[in-house]
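**Student:** What follows is each chain in one-letter form.
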Amino acid sequence: MNPLSYAYLIPLLPALGFLLNMLFGYRLGKRGGAYLSVGLLLTSTLLATALLLQVRQAAPVWDKAAVFEVLEAEEALPPLEEVLSEAKAMGASRERVEALEAEIALAEEKLTELEHEALIREPAADFPFSSETPWITIAGEQGIPFGFLLDPFAALMVFMVSLVSLLIHLFSVEYMAGEERYPTFFAYISLFAAAMLGMVMSRNLFLLLLFWELMGVMSYLLIGFFYKKVSAQQAMKKAFLVTKLADLGLLVGIFWIYRAFGTLDLLAIGELAPGLLAGSAGVATGIGLLLFLGAMGKSAQFPLHVWLLDAMEGPTPVSAMIHAATMVAAGVYLMARAYPILEMGNALPLIAWVGGLTALFAAALAPAFADIKKILAWSTVSQLGFMFLGLGAFGWIAAIFHLVAHAFFKSLLFLGSGSMIHGSGTQDIFAMNQLKKYMPSTRWTFIIGGLSLAGVFPFAGFWSKDEILLAVKNALSVNGGYGLLLLIGYAASFLTALYISRTYLIAFEQAKRPSPWQAAKWNQGGLGVLNMSAEDLAQDAEYDHHDTHDTPHESGWHITTALWVLAISATVFGIIGSPFTGNALQGFVYRGIVPELEPLSAQWLGFIVSTLVALSGITLAYLLYGNARLKLQAPQLLTQLLQQRFYLDQAYYFFAAGPLTRLAKPLAWFDRRIIDALVDFLAWLVAIVGDALRRVQTGRLEHYAWTMAAAAVVLLLALSFGGQL
Amino acid sequence: MVFSLIALLLLALGGSMTLLFATVLERNPVMTAGGGLGVAVLALMFFALSYEQPGVLLGMYQLGGLSAIGGMILSLIAALTILGVMANPHKYRAGLSEIYALILFTALGGTLMIGANNLLLLYIGIELSSYSTYILVGYYRDERYSTEAATKYFVLGALASALLLYGISLLFGAGGGLYYDQIAATLAAADTLPALLWPGLALLLAGFGFKLALVPFHAWTPDAYQGAPTMAAALLSVGPKAGAVIALGNLLTQALGLEAISGVWQQALIWLAVLTMTVGNLQALNQRNLKRLLGYSSVAQLGTIIVGLAAGTLAGFQAVILYALGYAFTNIGAFTSIAALRDAGVGEEVDDYAGLGKRQPQAALLFTLFLLSLAGVPLLAGFAGKLFVFKSAVDAGLIVLATIAVLNTVIAYFYYFRVIVKMWLQPAADEAQPVNVNAIAMTALALGVIGVLVIGTFPGPFLEAIATALEPLGGLIIVGR
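Chains A and B are the protein sequences, given in the same order.
Heads up, the first sequence is in numbering that gives the first Met the number 0, so the first residue is 0 and it goes up one at a time.
Heads up, the second sequence is in numbering that gives the first Met the number 0, so the first residue is 0 and it goes up one at a time.
Think of the hints as simulated: they come from the structure by calculation, not from any bench.
A couple of the hints might just be wrong.
Said to hold, decoys possible - Listed next, the in silico DSBU-like pairs over lysine-lysine satisfying Cα-Cα at most 35 Å (straight line):
1) LYS228/A / LYS630/A
2) LYS421/B / LYS664/A
3) LYS421/B / LYS227/A
4) LYS227/A / LYS357/B
5) LYS630/A / LYS435/A
6) LYS390/B / LYS29/A
7) LYS228/A / LYS421/B
8) LYS90/B / LYS243/A
9) LYS436/A / LYS29/A
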């Protein structure tokens with residue numbers, strides 16, 4: 000059976016969940032709507048598994064050892080060609096040129112032969128699976144077709160997104176219980192998942208953009224789910240405005256692609272890009288930067304990361320959804336899809352720098368926060384930075400590997416934090432009282448997630464982060480600047496190990512104690528202080544008020560099941576991408592003709608260095624927070640700077656939002672007094688005429704008959720005279 | 000050939016049988032209704048099967064292609080109307096089985112008009128659907144409004160029929176025959192066009208103007224809609240109109256497509272379209288009664304459809320048919336919503352709908368979608384229809400007409416959104432009880448919304464099917480530019 004015959008159901012079923020929950024959610028009993036959503040998403044996940052297996056079945060299989068020979072032979076080609084062109088330029092003799100050409104031909108022949116040998120199984124005839132049906136067709140225009148593209152990358156994403164969303168749904172059944180708008184929540188979150196699933200299956204950029212924007216709307220609604228809180232209202236607006244600003248870049252980028260390529264079809268773009276953009280690096284760079292602007296907004300890269308922290312106003316499952324399976328992953332996905340364009344231009348080093356700096360910057364901020372959700376939010380920003388660093392360092396597969404691995408372990412950590420909040424009644428890690436005694440499942444799964452994030456062997460984050468750092472190291476041969484980025488990457492890794500260990504130690508191991516960050520406990524920096532009045536704060540505080548349990552309790556089976564399944568998935572997925580399985584993942588998802596595998600000999604040094612870096616981060620955290628051997632008081636100024644997020648939000652507020660608001664005021668006046676008045680006048684005029692015409696309708700038959708007869712006569716005269724002219 | 004015949008016979012015999020066995024059938028209303036619905040659905044299927052089998056029946060009626068599409072649209076309209084009637088059959092106690100027969104006859108009449116390539120068959124089709132609707136409008140024979148509406152409609156209809164028949168006879172004189180191709184051939188061969196042609200065309204347009212309720216032949220519309228049983232108004236607003244507009248397109252392009260003539264009817268249609276859209280919308284603005292409001296709205300909608308015919312191109316005709324299809328789903332859906340809510344105890348005034356979003360969110364949501372489709376909001380059928388109609392006008396160089404049409408859409412937004420705002424943003428009057436809507440009515444509404452969404456989101460396949468059916472006309476469409 001062709002996977003296209005059922006693939007469309009994968010996004011459709013959760014979308015149906017949205018519809019049913021919106022229409023009948025409140026009539027389906029206490030948890031009926033929730034279980035309906037879970038059931039639909041479970042079906043989607045099963046279909047996604049079948050899809051992944053079928054794509055795997057259809058994809059080519061390579062012999063790892065032989066692939067290395069192919070790659071070697073490939074690398075030998077460019078120098079030969081260089082020699083040839085040099086020889087031609089120097090005016091070498093014809094014999095020499097002919098000899099060189101023969102040598103190149105021989106090398107090419109050998110390469111083809113090697114490729115043939117390395118291919119254990121030919122791809123199926125219809126691989127990669129794709130469909131296309133006319134959707135919006137306008138005569139004389141190219142129109143926009145509706146279609147899916149189910150290549151290994153898409154299949155992997157579909158599988159990850161559906162599985163993680165399913166577990167988040169399951170988690171929410173218990174976590175959100177008791178909420179007033181329980182069915183609405185499931186409706187929203189189901190459509191959120193559906194939008195992401197649709198996006199990763201889209202074959203053309205227009206369809207992708209539609210789902211991208213749908214995701215934007217759903218994140219807006221979900222971040223503001225507790226819409227009675229003023230801070231949630233602020234946060235939803237902020238997230239929407241910042242990402243919308245970035246989307247403008249994406250939109251223009253897509254227009255430019257259409258202009259340059261004449262199509263928005265991803266397959267066609269991939270095929271056309273090398274030919275069309277050769278020699279016009281400027282276009283490729285321009286498109287790349289515009290798309291990256293969109294990705295920066297969605298994936299919260301510096302300096303557009305400001306919305307992500309405030310997005311923590313949403314319920315915890317929403318945070319898990321935004322930070323793992325959907326939303327932030329979308330930006331990385333887009334850039335990975337646009338890679339054929341990116342590699343023709345010069346945007347990649349910039350992307351690498353933005354990613355690297357974001358990784359370091361966010362990892363440095365995380366240890367200054369006490370709210371567990373905010374710590375994890377910074378962690379997401381930082382890890383996404385790693386992904387862009389990988390993309391920018393020509394490590395396409397490394398970034399994807401980290402994207403999926405991160406989705407698993409970050410949703411694990413977020414759901415873990417949800418379980419902790421559920422059990423202890425607080426988000427402040429200092430107020431959590433020795434959770435390890437009360438919450439064993441949460442504790443062990445949090446440790447697995449934490450070690451994975453810190454990059455400790457043999458957990459997922461270890462393998463994927465190393466791939467990225469290896470890519471950066473390999474990029475050194477292209478540009479020396481990547482050397483500094485490598486150092487930044489290791490520094491960020493060190494800080495990552497430090498902050499996640501700190502979080503674990505304080506929340507799980509330590510007894511409850513007053514938070515040293517008491518001064519600004521909940522809204523540390525950012526919007527809270529900026530434009531909320533004292534009444535707003537008081538109102539929110541009342542809304543937030545719930546009791547902290549000094550004796551926490553373990554969560555129920557919905558939550559622990561979700562946690563364990565994620566912990567196992569994350570670990571297994573890491574192993575699939577590791578040398579233990581012969582880099583099975585990299586041999587399945589790749590660009591170009593043969594997968595770009597790295598021999599173990601190139602990797603082992605990296606493995607050792609990262610392990611040392613991670614362990615030193617953990618050790619430092621243990622000394623500082625575990626047994627408190629080391630007493631280190633951060634300078635007041637530094638603390639303040641970190642807690643205020645380097646005053647970036649304030650800067651936006653004073654330099655962008657403030658002047659804009661002041662500018663908007665006279666414009667608003669003009670709009671209200673002049674333009675609206677004009678419109679009102681026109682509307683009034685229309686209404687008057689309408690009313691007059693209404694009176695023409697007398698209801699008397701003879702009036703009607705006379706009108707008709709007169710009209711017929713007019714028509715008759717007009718045509719009789721007009722026609723003969 | 001076989002499939003078309005079966006479909007036509009199904010409608011004709013199905014209707015006749017229901018009439019003949021009325022007294023027997025009335026003892027079992029469910030079976031009667033199911034039978035009517037079955038006939039409509041079967042006819043729809045057979046028309047669909049006949050789509051790829053072109054042919055000519057007795058030299059007068061074209062089979063397959065365009066007439067198959069027309070048959071499908073009209074059978075669909077009949078089926079949806081019957082569903083709406085089934086939701087509350089007690090209201091039609093004056094003759095429970097006859098109403099199904101009349102609905103089927105209306106569909107048959109519409110189908111005959113569309114497939115006709117002979118002026119007399121065209122006239123018979125028009126009259127068949129007209130007489131059925133006269134009776135339907137007056138179905139509440141004990142109610143003053145219903146009988147008044149039927150009387151007005153009938154008298155004016157008789158006048159229109161006279162004009163139409165006169166026009167046909169003049170055309171017969173000018174064209175030397177009743178067959179479309181015969182007329183086209185005679186006119187093409189003539190050195191100078193016969194003078195009789197022009198009054199003939201004018202009276203023909205006047206007759207069609209009445210059937211389509213084009214301004215200034217539209218005065219009967221609001222009275223008839225308000226007085227008629229709601230489902231009869233639903234049928235009246237789409238059935239005969241979808242039939243007549245496609246039939247008019249067919250007649251104009253096949254018999255009168257000659258460049259010297261098409262320029263003239265194009266001008267006439269442009270004027271009629273502008274008048275109809277503008278006056279219809281302006282009169283709708285201040286209506287308080289929902290059925291009257293929808294009556295005027297359907298006048299304006301027809302004006303918009305005519306824009307596609309006025310373009311005088313194949314693309315324009317194609318857009319007209321797509322519009323008619325989407326409009327069928329949308330308008331029947333809107334009327335069925337009103338009927339269903341009326342049965343559930345909600346009044347027919349706009350003010351009665353205040354707070355409906357709270358009292359009956361499902362029905363309110365579906366009604367909202369129908370109104371949005373009428374207004375022409377993207378991803379709904381109404382938008383697809385408008386988009387392609389406007390585009391055809393622009394491509395034909397009728398920029399001014401297209402601009403007026405778009406401005407009219409803006410005016411229309413006002414009265415459609417007024418209802419939506421009423422439903423969702425204003426509190427219910429005094430007793431805000433929940434409203435229980437019949438399950439059959441909900442099914443009909445849901446089907447309508449599915450149609451509206453599918454056509455609105457995926458117009459491509461429909462456009463292609465229509466384009467294929469119009470291919471044989473390809474050479475005949477000629478508005479000179």
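**Student:** Against this structure, judge whether each hint is valid.
**Tutor:** Verification of the supplied hints:
{"no.": "1", "hint": "LYS228/A / LYS630/A", "in the structure": "violated, 39 Å"}
{"no.": "2", "hint": "LYS421/B / LYS664/A", "in the structure": "holds, 31 Å"}
{"no.": "3", "hint": "LYS421/B / LYS227/A", "in the structure": "holds, 25 Å"}
{"no.": "4", "hint": "LYS227/A / LYS357/B", "in the structure": "holds, 20 Å"}
{"no.": "5", "hint": "LYS630/A / LYS435/A", "in the structure": "holds, 24 Å"}
{"no.": "6", "hint": "LYS390/B / LYS29/A", "in the structure": "violated, 50 Å"}
{"no.": "7", "hint": "LYS228/A / LYS421/B", "in the structure": "holds, 28 Å"}
{"no.": "8", "hint": "LYS90/B / LYS243/A", "in the structure": "violated, 53 Å"}
{"no.": "9", "hint": "LYS436/A / LYS29/A", "in the structure": "holds, 32 Å"}
In the structure shown, a violation is registered for the earlier hints numbered 1, 6 and 8, in ascending order.
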